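Here is what each chain is made of, one letter per residue.
6 protein chains.
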Amino acid sequence: MTKPELPVHVIDEIVKRALDEDLAAGDITTEACVDAATTATARAVARSALVACGGPVLARVYWAIDKEIRVRIDAEEGARVQAATTLWTISGRARSILMGERVALNLVQRMSGTATLARDFVDAVPPGTPTRITDTRKTTPGLRALERYAVRVGGARNHRDNLGSAVLIKDNHIAACGGIREAITRARARAPHTSKIECEVDSLEQLDEALAAGADIVLLDNMDTVTVAEAVRRAKGKALTEASGGVTLARVAELARAGVDVISVGALTHSAPAADIGLDFE
Amino acid sequence: MTKPELPVHVIDEIVKRALDEDLAAGDITTEACVDAATTATARAVARSALVACGGPVLARVYWAIDKEIRVRIDAEEGARVQAATTLWTISGRARSILMGERVALNLVQRMSGTATLARDFVDAVPPGTPTRITDTRKTTPGLRALERYAVRVGGARNHRDNLGSAVLIKDNHIAACGGIREAITRARARAPHTSKIECEVDSLEQLDEALAAGADIVLLDNMDTVTVAEAVRRAKGKALTEASGGVTLARVAELARAGVDVISVGALTHSAPAADIGLDFE
Amino acid sequence: MTKPELPVHVIDEIVKRALDEDLAAGDITTEACVDAATTATARAVARSALVACGGPVLARVYWAIDKEIRVRIDAEEGARVQAATTLWTISGRARSILMGERVALNLVQRMSGTATLARDFVDAVPPGTPTRITDTRKTTPGLRALERYAVRVGGARNHRDNLGSAVLIKDNHIAACGGIREAITRARARAPHTSKIECEVDSLEQLDEALAAGADIVLLDNMDTVTVAEAVRRAKGKALTEASGGVTLARVAELARAGVDVISVGALTHSAPAADIGLDFE
Amino acid sequence: MTKPELPVHVIDEIVKRALDEDLAAGDITTEACVDAATTATARAVARSALVACGGPVLARVYWAIDKEIRVRIDAEEGARVQAATTLWTISGRARSILMGERVALNLVQRMSGTATLARDFVDAVPPGTPTRITDTRKTTPGLRALERYAVRVGGARNHRDNLGSAVLIKDNHIAACGGIREAITRARARAPHTSKIECEVDSLEQLDEALAAGADIVLLDNMDTVTVAEAVRRAKGKALTEASGGVTLARVAELARAGVDVISVGALTHSAPAADIGLDFE
Amino acid sequence: MTKPELPVHVIDEIVKRALDEDLAAGDITTEACVDAATTATARAVARSALVACGGPVLARVYWAIDKEIRVRIDAEEGARVQAATTLWTISGRARSILMGERVALNLVQRMSGTATLARDFVDAVPPGTPTRITDTRKTTPGLRALERYAVRVGGARNHRDNLGSAVLIKDNHIAACGGIREAITRARARAPHTSKIECEVDSLEQLDEALAAGADIVLLDNMDTVTVAEAVRRAKGKALTEASGGVTLARVAELARAGVDVISVGALTHSAPAADIGLDFE
Amino acid sequence: MTKPELPVHVIDEIVKRALDEDLAAGDITTEACVDAATTATARAVARSALVACGGPVLARVYWAIDKEIRVRIDAEEGARVQAATTLWTISGRARSILMGERVALNLVQRMSGTATLARDFVDAVPPGTPTRITDTRKTTPGLRALERYAVRVGGARNHRDNLGSAVLIKDNHIAACGGIREAITRARARAPHTSKIECEVDSLEQLDEALAAGADIVLLDNMDTVTVAEAVRRAKGKALTEASGGVTLARVAELARAGVDVISVGALTHSAPAADIGLDFE
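From first to last, the protein sequence lines stand for chains V, S, L, H, W and R.
Take any residue in the first sequence, note its place counting from 1, add 6, and you have its number in the working numbering.
Take any residue in the second sequence, note its place counting from 1, add 6, and you have its number in the working numbering.
Take any residue in the third sequence, note its place counting from 1, add 6, and you have its number in the working numbering.
Take any residue in the fourth sequence, note its place counting from 1, add 6, and you have its number in the working numbering.
Take any residue in the fifth sequence, note its place counting from 1, add 6, and you have its number in the working numbering.
Take any residue in the sixth sequence, note its place counting from 1, add 6, and you have its number in the working numbering.
Derived by calculation from the structure, the hints in this document are not laboratory data.
Hints are supplied without guarantee of correctness; some may be wrong.
Intra- or inter-copy, both count: the list cannot distinguish identical chains.
[Unchecked claim] Below 25 Å or equal to it, Euclidean Cα-Cα: the simulated SDA-like pairs (lysine to any residue) are: (1) K244 - T47; (2) K242 - E19; (3) K176 - V14; (4) K22 - Q212; (5) K244 - T191; (6) K73 - P136; (7) K73 - E211.
This structure is a prediction, so every number in the text was calculated from the model and none was measured.
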């Protein structure tokens with residue numbers, strides 16, 4: 007599988023902000039209790055089963071704090087590991103390890119949490135069905151790049167990155183335009199030719215209208231599976247179909263079997279519980 | 007109740023970053039489909055029961071986008087509302103409302119999610135027991151100030167803000183120092199006199215050592231309720247007691263009845279599901 | 007025509023940087039020579055024919071310097087004006103007007119220069135041919151959002167905004183993949199489903215390969231017009247065609263008549279001469 | 007010749023912004039098509055004759071993206087090279103090279119464009135005449151430091167950097183003061199003693215007034231060559247003379263022969279066409 | 007007297023940083039003790055005699071915290087006031103006033119401290135002697151613009167702003183060049199023509215060399231008054247003279263009488279004690 | 007003694023700002039006079055007796071300018087040295103050393119100035135008395151972290167870092183609450199349990215009220231020594247005592263003998279004169 011890529015300058019900006027929150031005034035406990043010269047080795051350990059994600063980010067946290075710290079990647083990005091598996095090993099000045107512990111864990115726990123949930127959704131797609139699981143723009147403000155990366159590490163795919171990277175016509179746009187046909191026509195005339203035109207539809211009538219207007223993708227919003235199946239049938243050969251709206255793990259299989267091309271899942275980024283990862287000093 | 011306060015310049019910094027993520031390249035759908043002069047009114051509506059939180063943040067999102075937008079606060083910060091309640095009403099240019107929709111919702115959904123979970127924990131404390139629910143430093147990187155505010159809006163309290171604002175001696179500090187007594191002594195000698203000295207203990211033996219060394223607060227880490235009760239008995243009149251470590255809603259009542267002063271709950275900020283809030287155009 | 011939109015927070019970030027460059031150490035000439043209480047009115051005047059662009063940016067420059075300054079928009083964004091036309095009128099403290107003059111002019115001269123050149127290209131497309139003129143990513147570092155806006159103000163369209171907003175497979179990607187088919191297949195499998203797949207081709211052989219692999223857009227790189235016409239013929243009904251590579255104004259008409267869908271022009275943003283605009287005090 | 011110097015922290019700030027524009031959401035094409043482990047070597051090649059400028063900036067772009075990338079400087083800053091000359095060679099991970107390609111080229115094309123135009127102006131000064139070519143403050147917002155460096159690399163000189171670094175009295179300052187004498191007197195009394203006093207004059211009458219008031223430099227604004235020659239005669243021994251206002255390459259020689267000390271050329275930075283540089287993979 | 011000018015965007019950047027330091031985690035005392043709706047009026051009062059400076063900065067601190075706060079300027083910038091004088095009056099929400107108190111006072115106490123010391127030096131120049139008092143680049147990192155403004159408010163003048171705004175050749179430059187003549191010649195050839203050439207000299211021999219090479223200003227470093235007087239005599243009509251190096255208030259008069267043009271005083275910005283200003287609630 | 011720790015990312019942010027002030031437009035003197043290839047060694051030398059502080063900061067200044075520069079720490083942080091002692095030795099490109107000289111010295115002179123004054127206060131505490139000297143929040147805006155570090159390097163201790171890290175109830179909070187008892191009660195109920203409650207008192211009556219309400223620390227504001235001694239007697243076993251308000255070096259001994267636990271000294275950070283440190287080239 008292609009290895010997801012996360013630009014270093016994007017990581018560093020997020021790491022800097024996180025350190026500013028936690029370490030701007032120093033670490034009064036560590037400075038008082040730990041001698042400056044003490045060295046240590048600590049292992050970041052999965053406390054429960056999870057998909058490992060965030061090693062390069064943890065490494066940049068420590069690079070920002072102390073250039074002498076060494077970080078070893080024990081679990082590849084995207085590896086499914088069992089509880090008690092060592093993910094990453096950190097060695098160097100004990101003060102530095104302690105000063106960065108919480109910031110590093112806060113980041114990798116969220117990233118691994120999202121990667122794990124993404125993997126669960128991907129694994130719920132029945133073998134042989136080509137349905138793609140994607141995220142949405144319901145990401146944590148300030149962490150979109152990390153979370154989209156975690157989604158890919160988990161094996162799912164990304165939806166559009168931002169309001170400027172693709173067209174997605176929703177009910178309010180349609181209302182403002184006076185109709186689906188008009189909205190799609192305007193978007194095709196004005197948006198970059200590199201973007202597909204996606205249109206949200208709430209009913210089969212709207213679906214037909216969107217297909218007639220030449221939508222490239224139809225977003226089937228909160229439809230039951232029978233309706234989705236009918237929508238897929240009507241859209242076949244004309245547009246990609248995307249199911250969205252509170253899709254749970256339990257529903258993935260039936261939606262996939264209904265033939266939908268894409269299932270987009272906001273929960274991957276807005277409600278994934280943090281993975282349980284701890285730092286053990288040797 | 008005292009109204010929590012969230013500094014405006016802190017909000018604005020977070021809002022700016024969030025807008026950079028979503029709107030730096032403009033909104034190609036809205037620009038194509040919605041005329042610049044069209045105006046609208048939209049209501050942010052709770053889709054399920056929740057504790058309202060984030061109105062001032064939503065207002066700053068729109069202030070950043072368009073100084074002419076008006077935001078009305080329909081639900082006070084901290085109000086428990088039922089599904090279908092209007093929380094905030096936004097009126098002005100339709101383009102501006104649409105351009106800010108996702109960023110605004112991403113922020114208030116997280117804040118209301120945390121406030122709601124905080125309220126649930128606070129409400130689980132039996133009447134008459136003085137136990138305090140607090141957050142931890144397991145916050146979302148970049149959003150700590152918002153999340154700590156949401157915790158207070160939910161009726162819970164904050165733990166220390168960062169590594170510089172209070173002393174919390176953990177096992178690794180103790181190991182590096184050579185013992186609890188030494189760690190507490192060093193911290194009292196060197197940390198600001200305005201900070202209490204909190205010490206994590208894993209056993210009653212450690213507890214006794216921490217109390218003897220004069221700890222102001224003892225963090226009872228992952229102890230069962232019987233042990234907590236004994237720890238509370240030993241600490242009475244000497245130190246505050248704080249229970250921590252994967253505390254679920256179900257366990258709050260028994261811990262409170264065991265007499266613990268504080269229960270700190272990482273899940274308030276690391277795993278609260280986003281509250282379901284939508285934007286309805288009139 | 008739909009009015010292009012430029013987010014205010016994007017403008018303000020650019021304006022702040024520009025002011026930091028020019029005004030961080032104050033304006034020693036103005037402070038010495040102009041009394042603080044003196045007021046004035048100044049008109050930004052086109053010194054030659056141009057397409058007006060940048061009024062909202064000029065207004066934000068002055069808003070950043072002095073909240074009391076009033077800016078009146080005399081020429082609509084996108085208006086073609088003759089030499090000596092007043093574009094915008096600024097009134098308030100004379101010191102403030104002078105302190106912001108160079109920064110404001112540097113911005114609007116570039117924006118109007120790009121808008122003017124974009125309009126020239128658009129006007130060179132023969133009536134009745136649907137060819138679209140677009141920019142490229144060859145923008146001035148730090149000013150991409152302003153320049154893309156200026157391109158739209160001039161009546162042209164935008165290409166993809168950045169490396170994350172659409173797929174464009176170039177020769178080096180093809181080489182790294184081992185072929186056009188493999189590159190397109192991989193991109194379709196992994197990139198967001200909202201992005202079209204564009205593939206650069208240098209020859210009709212490559213074109214056929216790209217079409218066979220299902221490219222949504224083919225980028226005809228540096229082809230002569232006869233070849234472009236043949237490429238258009240082969241791509242008809244299968245993919246959009248985009249001509250690129252040093253296209254001059256003189257060649258637009260023949261390329262459009264050859265039926266190409268899109269002509270992308272790097273010069274719109276990398277080599278547009280600044281429009282000549284001066285500030286006249288009344 | 008003294009080698010121009012460009013502070014690293016200034017480069018890095020500009021590079022970071024440029025990467026934020028292009029790479030904040032990753033590179034979906036490269037991630038999909040190029041394996042993470044693939045390495046490559048690419049050469050930045052002049053497609054036409056130019057003055058090389060920007061090697062240290064290109065190197066910092068790649069340093070920001072990937073610390074393992076190696077950049078070799080093949081052409082010295084300021085070297086005049088023919089088409090097909092390799093300027094810089096980049097080797098390392100193919101993904102990194104591709105991800106930084108556009109940002110790096112956008113920067114060096116502008117810098118080399120300005121350096122080339124500056125060299126053309128410098129070369130137009132007849133041998134034996136001491137006239138100096140300088141830039142103005144008509145720089146690209148956000149890139150002033152890079153452009154002024156490119157001007158020096160091209161062999162020309164810089165004018166004042168910003169509004170706080172030297173006094174330049176223009177017509178509006180004169181009007182606000184009530185006259186040239188008053189303006190110069192005020193400036194001498196109040197501005198830093200390290201700054202010369204330059205005064206713009208539109209006529210020989212104004213010139214005489216400025217010289218009488220003790221101006222250190224007179225800016226001859228939009229004067230014909232005969233008038234410039236007379237101005238030079240009158241100013242000899244009293245003040246430096248600077249010709250400005252739409253000076254073209256063709257006029258440089260006659261102005262220099264007229265004896266003017268300085269010719270300042272806004273076009274060096276506001277209208278230099280980008281130099282044509284491409285990236286060829288081996 | 008001309009009123010010094012301090013650009014708003016420069017103030018705001020400094021204010022934001024200062025608020026980040028003190029208020030990023032909220033104000034736990036004020037939130038607990040003061041109701042959100044309480045209003046108040048507070049007066050910033052001089053506790054001892056001083057030169058008022060910083061009113062516009064204090065106003066921006068409160069504008070950043072709370073747009074509803076009103077700030078009244080009771081003492082003009084540069085006014086010499088006695089102890090117990092009200093300088094500025096702040097009214098609005100009591101919480102906001104308290105949250106900004108320390109940041110505002112920290113800024114205005116430093117600014118007024120510098121303005122007061124500057125005024126003392128200016129007043130020490132005997133009437134009728136034209137000697138100018140200036141600051142140096144020995145400013146507080148991050149606050150240079152505020153401090154240079156305070157120097158002007160105090161009636162003194164600014165030296166060069168930064169390393170790019172004027173030439174000042176020091177002993178190490180001379181050593182690197184191989185002599186004063188060479189250094190001055192190089193600087194004249196390469197530095198902007200708008201900058202004077204200042205050269206530091208330690209002896210009368212060096213002075214003669216600098217004058218012969220055409221220095222515009224000579225910096226008389228740590229010379230006794232007799233030597234300064236001789237230097238002034240030799241430089242008359244050729245260069246400005248500047249005395250520098252640990253000049254105390256007591257020595258100003260004799261140096262001025264020795265005829266030196268400029269006395270530059272590092273202590274204005276590196277060692278001015280903070281002025282004593284308190285905030286009294288009504 | 008425990009070695010104070012200053013996070014690297016905090017230093018770098020301050021260094022970047024300082025370089026922006028001084029070096030954003032380059033160093034026109036050094037570029038003109040010093041060849042790019044010249045190397046040198048320079049020693050930062052104490053010109054008078056001082057406590058060394060700032061070596062790690064000086065090192066980061068040079069790391070920001072030129073990765074090839076080597077900095078050797080000759081005097082440990084906190085070492086008391088005599089005049090003429092070499093503190094730090096810098097070697098590498100002469101241009102780089104010169105370009106960073108002023109920024110580096112401005113930082114270390116302030117840090118060493120504060121460390122020296124802190125040491126003087128600490129040394130004024132009579133042997134055998136346990137009184138602690140601390141700073142206050144009266145720090146230089148933007149430099150709080152550096153100054154608090156310098157205070158610790160000087161052997162003194164820090165007070166609370168910011169408004170969110172501890173409770174300090176002042177007269178205005180008391181007035182807004184309706185009394186000391188109410189203020190302390192509210193603070194205990196709402197502030198983090200990790201913070202002690204400090205209350206400012208102006209009289210023995212207020213002291214008794216604060217003690218009765220359970221204050222952890224009482225701030226004795228501007229009291230004479232006899233009153234301080236009585237306050238200490240009353241507070242014994244109930245609360246820590248802190249003397250504050252214009253405490254001079256001369257008064258430290260008598261206050262310490264009066265038994266006060268803490269003396270907080272604003273002058274450590276708001277009025278410490280810069281230490282005299284120069285840079286000598288070998």
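Index of numbered hints that the structure contradicts, given in increasing order
As far as the earlier hints go, 1, 2, 4, 6 and 7 are violated by this structure, in ascending order.
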